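K.L.:
Sequence:
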Amino acid sequence: MDKGGERRQPRWGVPYSGWFLQLFGTVSARMIAIIFCAAGPMAIIASFQAWNSYRHTLQAPAFRADMAISRIDLEVRHDVDHIGALLSSVSRMSLDENGFVRTLQMARSLTGEFYRLALLDDEGRVLLAVNGDTPLPLPDQVPYEDLPRFSGDVRVVQLDIPSQDTVRHSYIRVTLSTPIADSLGTVRSGFLTAVMPVVWSRHHLQIGDPRLDFMQKNGTIDAWIIGRDRTLSPLCDDCASPGPPPPDAVRWLGSMTSVQRETRQTLSLGDAAFAYGPIEGGVAALTMTRRNLAETRALVMFVIWLFIIVSLLGFCLIMVTQSANALLIAPLRRLTASVERWQAGDGVFNARSNWVVPVEIRQLARAFTQATRSLVRDERRLARAAVRQELLLKEMHHRVKNNLQIVASLLNLQANRIRQTEAREEFAQARDRVRALATLHRYLYAEGELFSMNMEHFVTELCSQIMQAAGHAGGGRLDLSVHAATLELEPDQAVPLALIITEIVSNAIKHAFADGRRGTISVRLERVEPSQARLDIADDGIGLAGGYRLSGEERSGIGMQLIRGFARQLGGSLKIIEENGTRYILLFPLKADEAGGLVR
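Under my numbering, the first residue of the sequence shown is numbered 234, with each subsequent residue one higher.
Hints are computed from structural coordinates only; laboratory data are not their basis.
Just so it is clear, the structure is predicted and the values come from calculations on it, not from any experiment.
Keep in mind that a hint or two might mislead.
The calculated DSS-like cross-link candidates involving lysine-lysine, where the alpha carbons are at most 30 angstroms apart (straight line), are [to be verified]: (1) K634 / K743; (2) K627 / K824; (3) K627 / K743; (4) K743 / K808; (5) K824 / K808.
Computed spacing ranges between beta-carbons, pair by pair [stated by the list, open to error]: (6) V553 / R606: 31 to 39 angstroms; (7) P274 / T602: 22 to 30 angstroms; (8) R494 / R530: 32 to 40 angstroms; (9) R621 / E658: 41 to 49 angstroms; (10) R760 / R574: 38 to 46 angstroms; (11) P479 / P376: 24 to 32 angstroms.
In this text, a Cβ means the ideal position worked out from N, Cα and C, and glycines have one as well.
Work out the full structure: start from the sequences and follow the hints.
P.N.:
What follows is the structure, encoded as structure tokens:
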């Protein structure tokens, strides 16, 4: 807000309404916003599709690794079901030990010597075993908890057995109950068990077996079997070993909780993806796959398409911005510069335009030219009228001041002709009130202000004038102390405040210092809050009650009525304190000016 109380406007005459309008206040910014709104949806859709393809491409290795876990679990389950069905078929034959030997040897040869078969007695002790060239060490007695509980129950148990290379390989043992006959035809209970390795061997699989896909040299998928003791062994024991997993993957496996080890988990590290998951038999598998050539090309194409989209959008923005600057913004700037020169008073507005400028801007320039010429004529006429009005107002204040001084002089002359003391004092009080108004109008005339006046010098002169009229000017038995702040008030507040000061100071001179007493009258006007002022007038005389008692007047005389009435007119609160004299404290609010601020 400026000194005159007018709200400041921005450069273009439109008040700012926030950062949004400041950001999009120019034509270029709005053109860019329009382009974004028009081309943005298409760019967003294209970017979303490219991002979706990119995301699926990134997730493809992890998906393949997870599918490999499912494939391994399916194959192991198939082997377990196959050996379970084989053992169930053998158990239904009710063979003796020799028959079991021949049957198990034939079954082992038919299955490619992939399994290790054994016959157990009813307490789990090994009666006979068919191991082949590489016997599988079995305990002398299978633990009771690993044996089936009833006929038809198939018990599947995971085993970790060390091999010759000191690495513990994982095996699955399948056990079911079977009857065992002897030469006399007696039948007793026993168990058939088969131990199969979880890892695969190339020479055990037939040509065309789909598991051979996992065993290709330099294949796309590497797989490891994780034993019960968390050791890792390659899925294929006679293939090209994939080597141990990367250290980050090993740390990832070690950081899994017991709950996570029971569910599928995936991890992406660079261009490799890992998948972990439990499989049949209580073991788990870890698979790794890398991004293939097609996926790498898809990622490169994503980057290329993203660069193309961003480049095309940026190129379009640059072209549209430059075109808007040349065809729209530059003419508007020239038009604006012409308006600013006209506002600075450099003459009549005259904006030049040619055929390059759009028709709408040319029409706007012509309309501005006509309007500014009319405004110049009106401003000149208003300036002359304002000068005349200012002269008339000054003359009015001057005449009002003179008339009030004449009225005060007439009242003074009339008072000198009156012999009664009370009537003469009433005329003197009326004279002082008129002189206070005359002084007020003199200040308004001298300062040339219509809506406010400075109370600092006015209050000092008014109090001195009252002391001089009472015959106490230039010192004597009464001293005057005036402290008035630089406070500007409207005339509507200055008039009642001046009359209140006149009444209180006159009453103090008249009643507070009877019988030739000496004393001091202090007047203080100050701002106590941004929107509140205080008038404090005190004397060290005999007090308000004593002064009225000696003079024989009532406390509810016209003077007090005027003081209280003017206080109500100011909208303030008046407090009178009678202690070591009399003190008047008036708190009143400061009015707001027309622009919404406070007078100073």
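K.L.:
If a hint holds in the structure, say so; if it does not, say that too.
P.N.:
For each hint, the structure was consulted:
1. This hinted pair checks out: K634 and K743 have alpha carbons roughly 26 angstroms apart, not beyond 30 angstroms.
2. Simply put, K627 and K824 have alpha-carbon atoms about 24 angstroms apart, close enough for the 30 angstroms limit, and the pair holds.
3. With a C-alpha separation of about 36 angstroms, the suggested pair K627 and K743 falls outside the 30 angstroms cut-off, and the hint is violated.
4. Among the hinted pairs, K743 with K808 is consistent with the structure: their alpha-carbon atoms are about 20 angstroms apart, no more than 30 angstroms.
5. A C-alpha spacing of about 21 angstroms is found between K824 and K808, which places the hinted pair at or below 30 angstroms, so the restraint holds.
6. The beta-carbon spacing between V553 and R606, approximately 36 angstroms, falls within the hinted interval of 31 to 39 angstroms.
7. P274 and T602 have their C-beta atoms about 43 angstroms apart, which leaves the hinted 22 to 30 angstroms range violated.
8. At roughly 36 angstroms, the beta carbons of R494 and R530 sit within the given window of 32 to 40 angstroms.
9. The hinted window of 41 to 49 angstroms between R621 and E658 holds, with their beta carbons roughly 45 angstroms apart.
10. At roughly 43 angstroms, the beta carbons of R760 and R574 sit within the given window of 38 to 46 angstroms.
11. In this structure, P479 and P376 break the distance hint of 24 to 32 angstroms, their C-beta atoms being roughly 37 angstroms apart.
In summary, the structure is inconsistent with hints 3, 7, 11 from the numbered list given earlier, while agreeing with the others.
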